[in-house]
Every structure is written in structure tokens, then in C-alpha cells.
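If you read the protein sequences in the order shown, they are chains B, V, P and W. Heads up: the first sequence is residues 24 to 165, going by this note's numbering. Heads up: the second sequence is residues 24 to 165, going by this note's numbering. Heads up: the third sequence is residues 24 to 165, going by this note's numbering. Heads up: the fourth sequence is residues 24 to 165, going by this note's numbering.
Hints listed in this document are in silico derivations from the structure and should not be mistaken for laboratory results. Worth double-checking, as some hints may not be accurate.
Put simply, identical chains are the same to the list, so a pair is met inside one copy or across any two.
[To be verified] In the DSBU-like style, the derived pairs of lysine-lysine whose C-alpha atoms are separated by at most 35 angstroms in a straight line are:
#1 Lys-110 / Lys-144
#2 Lys-30 / Lys-144
#3 Lys-116 / Lys-86
#4 Lys-86 / Lys-138
#5 Lys-86 / Lys-144
#6 Lys-110 / Lys-30
These numbers come from a predicted model, not from an experiment.
If you want the building blocks of each chain, they are given just below.
There are 4 protein chains.
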Amino acid sequence: MESYRHKVQYYETDKMGVTHHSNYIRWMEEGRIDFLDRLGWNYARMEEMGVISPVTEVECKYKHSTDFSEEVYISVYVEEFNGVRMKLGYSMKNAVGTVVAVGRSEHCFIGRDGKLINMNKRYPEFCGALAAQANRLSPESI
Amino acid sequence: MESYRHKVQYYETDKMGVTHHSNYIRWMEEGRIDFLDRLGWNYARMEEMGVISPVTEVECKYKHSTDFSEEVYISVYVEEFNGVRMKLGYSMKNAVGTVVAVGRSEHCFIGRDGKLINMNKRYPEFCGALAAQANRLSPESI
Amino acid sequence: MESYRHKVQYYETDKMGVTHHSNYIRWMEEGRIDFLDRLGWNYARMEEMGVISPVTEVECKYKHSTDFSEEVYISVYVEEFNGVRMKLGYSMKNAVGTVVAVGRSEHCFIGRDGKLINMNKRYPEFCGALAAQANRLSPESI
Amino acid sequence: MESYRHKVQYYETDKMGVTHHSNYIRWMEEGRIDFLDRLGWNYARMEEMGVISPVTEVECKYKHSTDFSEEVYISVYVEEFNGVRMKLGYSMKNAVGTVVAVGRSEHCFIGRDGKLINMNKRYPEFCGALAAQANRLSPESI
Chain B
24 MESYRHKVQY
34 YETDKMGVTH
44 HSNYIRWMEE
54 GRIDFLDRLG
64 WNYARMEEMG
74 VISPVTEVEC
84 KYKHSTDFSE
94 EVYISVYVEE
104 FNGVRMKLGY
114 SMKNAVGTVV
124 AVGRSEHCFI
134 GRDGKLINMN
144 KRYPEFCGAL
154 AAQANRLSPE
164 SI
Chain V
24 MESYRHKVQY
34 YETDKMGVTH
44 HSNYIRWMEE
54 GRIDFLDRLG
64 WNYARMEEMG
74 VISPVTEVEC
84 KYKHSTDFSE
94 EVYISVYVEE
104 FNGVRMKLGY
114 SMKNAVGTVV
124 AVGRSEHCFI
134 GRDGKLINMN
144 KRYPEFCGAL
154 AAQANRLSPE
164 SI
Chain P
24 MESYRHKVQY
34 YETDKMGVTH
44 HSNYIRWMEE
54 GRIDFLDRLG
64 WNYARMEEMG
74 VISPVTEVEC
84 KYKHSTDFSE
94 EVYISVYVEE
104 FNGVRMKLGY
114 SMKNAVGTVV
124 AVGRSEHCFI
134 GRDGKLINMN
144 KRYPEFCGAL
154 AAQANRLSPE
164 SI
Chain W
24 MESYRHKVQY
34 YETDKMGVTH
44 HSNYIRWMEE
54 GRIDFLDRLG
64 WNYARMEEMG
74 VISPVTEVEC
84 KYKHSTDFSE
94 EVYISVYVEE
104 FNGVRMKLGY
114 SMKNAVGTVV
124 AVGRSEHCFI
134 GRDGKLINMN
144 KRYPEFCGAL
154 AAQANRLSPE
164 SI
């Protein structure tokens, strides 16, 4: 699957002169939403269907700084998925292919009643779409 | 009324080495919410009552830069209020009293049905509280 | 000139369920940097040349809310430019062409010595590029 | 050591109606800077001395959502410090003492020449101040 491209904005830099570390967490969200969209699971539509997917855990290792106006390419990998819990991995590279950061996020799925959803039961086709991605290996382990 | 204090965070700076200009718009929100709270109109409670107050217009003039870890003091003034539309003015000063920015925001009030609320009719006591502030003059005009 | 496209991110929404108003100020920066880049004045390169262009004033009128995953198209107009001060206008539309916000920003130019630069004298070609845009009229006045 | 208090801002919420997860990473920075300041190591002053301390790794586990206007209390713990690498732990609680998130960050120290600094050698008094904190145990393990 194609990686997601984010161009570093001026307002994402800090006085160290580089991108503030908190923004990579936001880019992971951008990449994740794009990834789900390409799988046919537009997140805006999922919310309309009554499914939200909060982040229960997030992790990022910073390897190389990025600067204003640089392009960062984010690849998303399915690390684990059991219908209830989804673990995604992220590899972020700059334009010359250097890994600038690697990340991981963990999610659950919650319905309109505020209760956990087992996606295997409720949306087996979602699970099928994710499973088809799960054999893609991330070249970088966090 | 006492001014609201905001301490500039590292993540609010940009690579110019000073506070990014978009944050002053957020500080105006912080100051406004604190101002309403001191008037007895906690905004979280207003939302629970079914009243939201979106920003319809915002303006900020930057006079002096601010830096990480500086304290900024925000004073809020009622510029106009007719029950339907509220105009607030903001004066932001640093610790030595220099005006770093002046701002203005305009708001309406919307109910659960998505329609404009006339606060004079629905919440006359809100209007009374604001009116009592309206004679405080802002020393700096935007 | 082509408009700049910004896709609304989840982290840009707030609990009203729509885009938080402060983000439009950031999108104006995105559009402005893209606009200057298309004119041949990449802002990252300008900073390397020793020219920064702080925002001295900003204004935004909100006409229509935007939501997560919507695309917003930002057009930038030169409203005034005299070599020392630059006023830009912004028109932001959603995918069906509805104006969601109009904005304005004012800028000066500062050199490595911290002093104001007269761009007419220092970079006449910058002024030529902007002047060529100045006859494009903004269809919406703020 | 006293915990650091952060009041959740409206602009920190998202359309799920609660605080966006990326903000906890920023609150960890707020808490860390406050923690270092209380130890006598004001970060603004450290930067003036020519020492920056980038985040090399960050992690956060979300236990309980927080909402607009809630107060979050952040305690910071020294998990590891060897002069070159500093690992801090974070416990974030709401007003009734419920743990809302636990975090961890890892940092190095870099000088004006862009090279890693061994703080033990360059600033032994910094190491002493941190060491005095290292015996405080974090009640929650991430």
C-alpha cells in the first residue's frame, strides 16, 4: 500500500528549529485514517455507523529530526488484530528514505452505547480487510 | 476583574524562536472561558444547558513577541452585547506590563436545535452579568 | 493561481463536532506558504537567505463550519504590498464551493539583524512577483 | 514533589467529546519542564547555557478520558539517568485521583556543537539534583 505524505508545516516546528515531537503522534493519526480509508473503511463513515476507535496506547521513537517544508512519508502496518484490539505500526521516512521515526498505536472499538465492540462479530468484512494487510511485514521494528 | 495568566509552553514556539501567532487565538479562548467562569457562567455548564457559543470572527494584532516560559496576562472586555451577538476585546501583556497583543472576537449563541438563541430572552441573568462588565473600558483599542 | 487544498484532520476538530476556529489561522499560513512557493519564493529558502516574515495582524470571519475529513480550498490574494508591509486576503471554500471562511493577514519582513527590510530595495524581484498577482481580485471582501 | 496542574482547554478536545490523545504528550512536556524548574534547572536557562534536551522516545497509555475544563495532575518520576540518557515516568490523575494516563519519555542532551553531552561530566550538579529524585518510586508502572 502506498505511504501517506505529510508536508511539515511552519506551525509544527518549535524553537529547537525542527518539528515538535508531539506532531508525529498527530501524523500517525493522519496516516492511520488514510490507511483505513484505502482499505475501504473511511473513519468519518465509521463514526456515522456508530463506531469510534479511541487510542488506548501510543509510542514513538525519534530517529532523525525533520524540518519545516520537508515531506514525510508514513507507512502503516497491522501488527496485531483480534477484533477487539488493534495494534498498528508506523514507519516515517523523509524524502531520501531515511527513517525519521517509528511508532505504534493501540486501539479499541466502541459503539454508541459506550461499550466495547468485537469487530469480528459486528463487522467481519472490516476484519477481512485488515487481515489481508497483516501479512505485510514492517521492515523496521520499534 | 483579574487577568488570566498563561505560561508560554515550549510546544507553542516555532522555529522563529518565539510563540507561533496562532496560539494567541487559543489564549483568547482560555481568557474568555476564564472570564465567563468568573462571571458565574462556566462554559462547560453552559454546554450542558444546551448553549454553545461559536466564534464568528476573530482578530489579533501582534505588538511584541513572547518566548517560551514567559507569563502572559490576558484581560477580557465586553465591547458589545445585544443578546444575540457578543463582541469581546482582549489585551495581552507580558510580566513587565508591555502589551504583546490585542485581540477581538465575536460570538453568537446556538441551542440544541442548531438555531440562534437570544440570550436576553432565554437567560436574562447572563445578560445582566455581561452588562455589569460592559462599563469597564479597555485601555487599548484594537 | 490554483488554490491550496487542506484536508481537515481529526485532531483539528473540537467537542462542538467541527473544526476548531484556531486552525483556520494555521491553514492561512499553509495557503500563504504554498502561494509564495508557487511565486518562486519558497519560505524555507527565504529564511536561509536571512529574511523572516512575521505575522503582525490576522483576522478571520467564519461563515460555515467544516468537519473532519472535509477538503478546504484556500485561495490567497495580495491586498496591499509596499515593500515593507504585505497584506494578504484568503478565501476558504469547501468541496461544493461554499465559502467557509474569509481571512486577512498582515506581515512585515525582518533581516538577520532584527531590523525591518524594505523588500523593494533588497529583493525587487520578490516585489515584481507579488505585483503580478496584485491585479487578481478577491471575489469576497472580508 | 508537588504535581503539576493542567486545566483541559476547549481547543484540546476533539469530536469524540474528550481530550485528543496527542495533548497528553504535550502535558508531559509541561510537567517535565515544571519538574526540572522545581529542581532548579529552568529549561529556558538550560537552553541559554547551550544545552537542549530533545525527546528521543515517548510513550503514553490512556486509562480514562478527560474532558474540557477538567484539572489533570501530572507527577514526574526519574526512571533512569546515566548522564547521557534520561528516562522519565509520568502519572496523570484527575481531580478525584483516578489515573487517566501514564507515560514515559526518554531524552538525551545536546550542546551548541550538535554533539551529545555527558551531563555527569559537564553539569554534575544537574545529576545530583536528578539523583535526589530517583529514589521516589512511581506508584504506577507503565
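Outcome of the hint check:
| no. | hint | verdict |
| --- | --- | --- |
| 1 | Lys-110 / Lys-144 | within (18 angstroms within a copy, 41 angstroms between copies) |
| 2 | Lys-30 / Lys-144 | between (38 angstroms within a copy, 32 angstroms between copies) |
| 3 | Lys-116 / Lys-86 | both (10 angstroms within a copy, 30 angstroms between copies) |
| 4 | Lys-86 / Lys-138 | between (37 angstroms within a copy, 15 angstroms between copies) |
| 5 | Lys-86 / Lys-144 | between (39 angstroms within a copy, 25 angstroms between copies) |
| 6 | Lys-110 / Lys-30 | both (25 angstroms within a copy, 25 angstroms between copies) |
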